[in-house]
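Protein chains: 2
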Amino acid sequence: MQKSTSVHELIVPRWIVPIEPAGVVLEGHAIAIDETGTVLAVLPVADMRERYVAQQETHLPDHVVTPGLFNLHTHAAMTLLRGLGDDLPLMEWLTTRIWPAETALLSKEFVAAGTRLACLEMLRGGTTCFSDMYFFPDAAGSAAREIGIRAHLGITVIDLPTAGGSDADDYLDRGLALYDRLRNEPLLSFAFAPHAPYTISDATFDRISMLMGQTGLPMQIHLHETEDEIRREVAEHGIRPAMRLERLGLMGPSLTAVHAVHLDDREVAMFADRGVSIAHCPASNLKLASGIPRIAPYLDAGINLGIGTDGTASNNRLDMPSEMRLAALLAKGASGRADVFGAHQVLHAATLAGAKACGLDERIGSIVAGKQADLAAFDLSALDYNPIFDVASHLIFVAGREAVTDVWVAGKAVVRKRQFMSDGARAAEGRGASDIALWQNRMRSQLDAR
Amino acid sequence: MQKSTSVHELIVPRWIVPIEPAGVVLEGHAIAIDETGTVLAVLPVADMRERYVAQQETHLPDHVVTPGLFNLHTHAAMTLLRGLGDDLPLMEWLTTRIWPAETALLSKEFVAAGTRLACLEMLRGGTTCFSDMYFFPDAAGSAAREIGIRAHLGITVIDLPTAGGSDADDYLDRGLALYDRLRNEPLLSFAFAPHAPYTISDATFDRISMLMGQTGLPMQIHLHETEDEIRREVAEHGIRPAMRLERLGLMGPSLTAVHAVHLDDREVAMFADRGVSIAHCPASNLKLASGIPRIAPYLDAGINLGIGTDGTASNNRLDMPSEMRLAALLAKGASGRADVFGAHQVLHAATLAGAKACGLDERIGSIVAGKQADLAAFDLSALDYNPIFDVASHLIFVAGREAVTDVWVAGKAVVRKRQFMSDGARAAEGRGASDIALWQNRMRSQLDAR
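Same order as they appear, the protein sequences are chains S and B.
Going by the numbering used here, the first sequence opens with residue 1076, and the numbers climb by one from there.
Going by the numbering used here, the second sequence opens with residue 1076, and the numbers climb by one from there.
Hints are computed from structural coordinates only; laboratory data are not their basis.
It is possible that some hints are incorrect.
As the list claims (entries may be wrong) - Derived lysine to any residue pairs resembling SDA-like cross-links, with alpha carbons at most 25 Å apart:
no.	chain 1	residue 1	chain 2	residue 2
1	S	K1492	B	K1492
2	S	K1487	S	S1081
3	S	K1183	B	F1464
4	S	K1492	B	R1341
5	S	K1492	B	L1458
6	B	K1487	B	L1458
7	S	K1183	B	G1507
8	B	K1183	S	L1458
9	S	K1487	S	G1505
10	B	K1492	S	K1487
Could you put together the complete structure from these sequences and hints?
Here it is in C-alpha cells:
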C-alpha cells in the first residue's frame, strides 16, 4: 500500500479508551481524523505512519483519549442560577427560588447567555455533547453552534404558559419549526422533551406520540424522580407514571427516562424489555434528596443507562468526570457490591450509552472508524494522579475534569492545552463575566421588587 | 490606640468563613498573623489598618479563606498504592492486592516516600492537618515535618506481626518512644491507633486504656465499617464491637470511631452520650461497598462528626473538598431531607470537628484570635464557579480542590499561587515522580516473583 493518503490530524496519545470494543485500553495507538471530522482509523502508531501522511500530528505523551463525554440530561441555561437556593427541600427550592427567578428572567437572551456559559464549562471538562431540556431551544441551539459543541435539543413541552410558549401546542409548533429549520445542522439533533407526566396531559402525550412517528425524533422526560410525584400521579390517574406512559404507547427505545430514581421490580423489567433508556443524574438526586436509584439491578437487567449532570441549580457543576465518579461510588455503596458498575461500564455509560439514548450511537459515542471525531484528552501526569495501575479506573476515581487538556468536536480541536480555539468560544469566554454580572443584577432587582 | 504594633502578615481576602462564630461569612475583613504563627485578630480591614502595620500584605480579591481542612482519617503512605485493585469486593481487594503489596514493600522508606506524596497532595488541596493510621509513624512524622504540614500521628497497633512491629507491645513501645522524642514538635500530635476490634485483644485494649490515662493521648480506631465485621465480632465476643469498647471503658470523648457506617439507634445514643467522635469517610465506604451511614441521625443526636479521605487505595484522591461535597450529597440523599448537613455544618465537620476529635480544637480548626493560623484560600473567580449566591455552599458544591491557591500552616505560607514555598516541599515535589516509579517497579517485580 502506498504511503499517499493525507489525513487532517493524527492524534498520538499514551492511551486510548475507545469504548468499542468494550473494556479495552489501547497503548501505542493513534487516531487519524479526516477532513470531514470523521475518524479514519485507530491503529498502532507504526501502521498509521505507514499508511498516512498527517497534516498535523498531536502528541499527548501523558494522556488518555476517550470519546467526548455525553451529558445525557441538563438544563444548560440554568447555569445563570448556579447554586441558587442550596440546602433546601425540593418544593421550597422550586417555589421560593427557582420558579420566581425563572418567571422574572426567562427570555431568549437569558437562555443564550446561560447556555453559552454551560457550553464553555462542559467543553473545558471533556463533554462534547449534551441533551438539553429548557425553554427557547432556538437560543440554546444558537449558543451551542457559536461555541462549537454538539447539542441534542429538547423541544420542551409543558401544559403551562411561560415566556417560552402559551400552551403545549404552541411549544410544539415552535419546536417543530425550529427542527425544520435546523435539522441538517451537523452538530444539532432534536428530541421531544415533555417536562414530566405531572405537567403533561394525555392529549399532549398523544400529539407527541404522533409527531414522533412522523419525524422519527426520540423523547426525553423527567420520570419517577421522587416518591411524592409518583404518589400524586397514582392519586390522579390511578396508575404509576411509567405505567401511564406504557398505556399511552410511549415506552420504547425512543424514550429516555430522566432520573428514574424509584422503579419497582416490574418497572425495571419493563424498561429493559421495551428498551427504554435512563438518564442517571446522581448529584441532583442526592442534593434534592430525591433518593438513591438502584443502579445495580438496572444494569443487571440490561437497561441502557447514561449519565447526566442535571442543571447547575441542583448540582452545581456541569462536570461529567465528577458525575462518573459519583455514579460509580453510589452504585457500589447502595448495592453492597464493590464490583458493580466497573470503570469500563461507567465510561460506556458516560459516552456511548448517552449517544444511544438519543439515537446518535451511529455517529458518536466511541472512537471507531466512520464515527465523528468527538474526543477528550485527559493528562494523567500530575503527581496527585500517580501511580497508575489501571487507566480506566483512574478516569473514574482519580482524574477530575481539571485533567482535560484537549477536546475535539467533529474533528475540530475546540480546546487545545486548556485554551479555547474557536472565535465563538473565545468571544463567549470574554463576555462571560459581564453576562453573569448582568443577569445576577437583574435577578436581584426583580426579586427584590416583589 | 497607637498604630504601632507590627504584624507578620495581613491577609485580605474577599470573604472569610471563620467557622467560629458558626454560620458566618465575613466580607471586608482581614486576618492578622503574628511572628509565632498565631492569629492575632480577625477584623474589618479599616480597623486592622488602624491598629497594625503589616510586614506583608496578601490580597486575595476573589478568594474565600477558610481554616485549613482537617483530614480526620487517612493512611498517607498508601498513596504509593493509589488505585491498586479498583472495582473489587473488600476481601478480594485486601487479600489479592493490598496485603500482598504491603507485605512485599512495607518499610520506613516506603512510608516516607508515600507520606511525602500524600502531604503534597493534601496541602495543595487545602488540607493542613491529617490524622494518620499506618506503620512506621516515625517515618510519616519526618515526612510531614519535611513538607510543613500538621500531622496527628497514630501509634498504630495490631495483634499481628508486620515489618513495623512484632506484636502489640512492640508497636506500643516503639510508638511511645516516638511520642517521648517528638511530643514537643509544634506540628505533630499523637494518638493511639489500634487497627480495629477484630485485630485487637482485650489485653491490648486494656494496656492502651492505661496508657491513655498516663499520657492523655486520644485514640482512633476503625469501628463498624462493615456489617460482616460486626457479625463476626458478635460471633466471637457475643456483643457488637462498640459495646465491647464500652465494656472496656473506651467509649468517651478521647475516642474517634472511623467509618461507623453501621450504628443502631442505641449506639447512636451511646456515641452522643459518651462524646465519641466519628470520622466519616464517604468515598471509601461507597467504593468498598461498606454501606451508607445514616449521617442525619448522627448529626441530630449531636455526635461530633469529622470527615476523612481514608487512603488512596480506597478513594482514590486525598481530596477533602471532594469529600465534603460527597458527604453533603450523601447525607441528603440517604435521609430524604435536602436540608440535612447544610454547608456551614459540612465546613465545620471538615475543620473544627476534626480538630476536636483529636483534642486539637484549642489550637486549630477555626480562624479566631489565639489559634494557629492554619488557613486555605479558594479562588472563586473562574467562570465555571459563577454566579455566586452563597459562598459557603459554593465551597461545598462548586469549588473543587483545584480552586485552592494559598495555604498557611502555623502562619507560614506553604503554598502561594499554587506553588510550594518551602525547600522541603519543593524537594519532595522534585523527587516525587522518581519515587513513584521506583516503588511501582518494586511492587511489580515483587508481586511477579510470587
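Results for each hint:
For the proposed pair K1492(S) and K1492(B), the alpha carbon gap of about 20 Å is at most 25 Å, so the pair holds. About 16 Å separates the Cα atoms of K1487(S) and S1081(S), which keeps this hinted pair within 25 Å; it holds. Pair hint K1183(S) plus F1464(B) holds up; C-alpha atoms about 23 Å apart against a cutoff of 25 Å. For the hint pairing K1492(S) with R1341(B), the CA-to-CA distance comes to about 55 Å; that exceeds 25 Å, so the pair is violated.
Using a Cα cut-off of 25 Å, the hinted pair K1492(S) and L1458(B) holds, with the two alpha carbons roughly 18 Å apart. Restraint check for K1487(B) and L1458(B): the C-alpha separation of about 30 Å exceeds 25 Å, so the hint is violated. Under the criterion of a C-alpha separation no larger than 25 Å, the hint pairing K1183(S) with G1507(B) is inconsistent with the structure, at around 51 Å. Of the pairs offered as hints, the one joining K1183(B) and L1458(S) holds, with about 21 Å between alpha carbons and a cut-off of 25 Å not exceeded.
For the proposed pair K1487(S) and G1505(S), the alpha carbon gap of about 21 Å is at most 25 Å, so the pair holds. Between K1492(B) and K1487(S) the CA atoms are separated by roughly 33 Å; this puts the pair beyond 25 Å, and the hint is violated.
When held up to the earlier numbered hints, the structure conflicts with 4, 6, 7 and 10 and fits the remainder.
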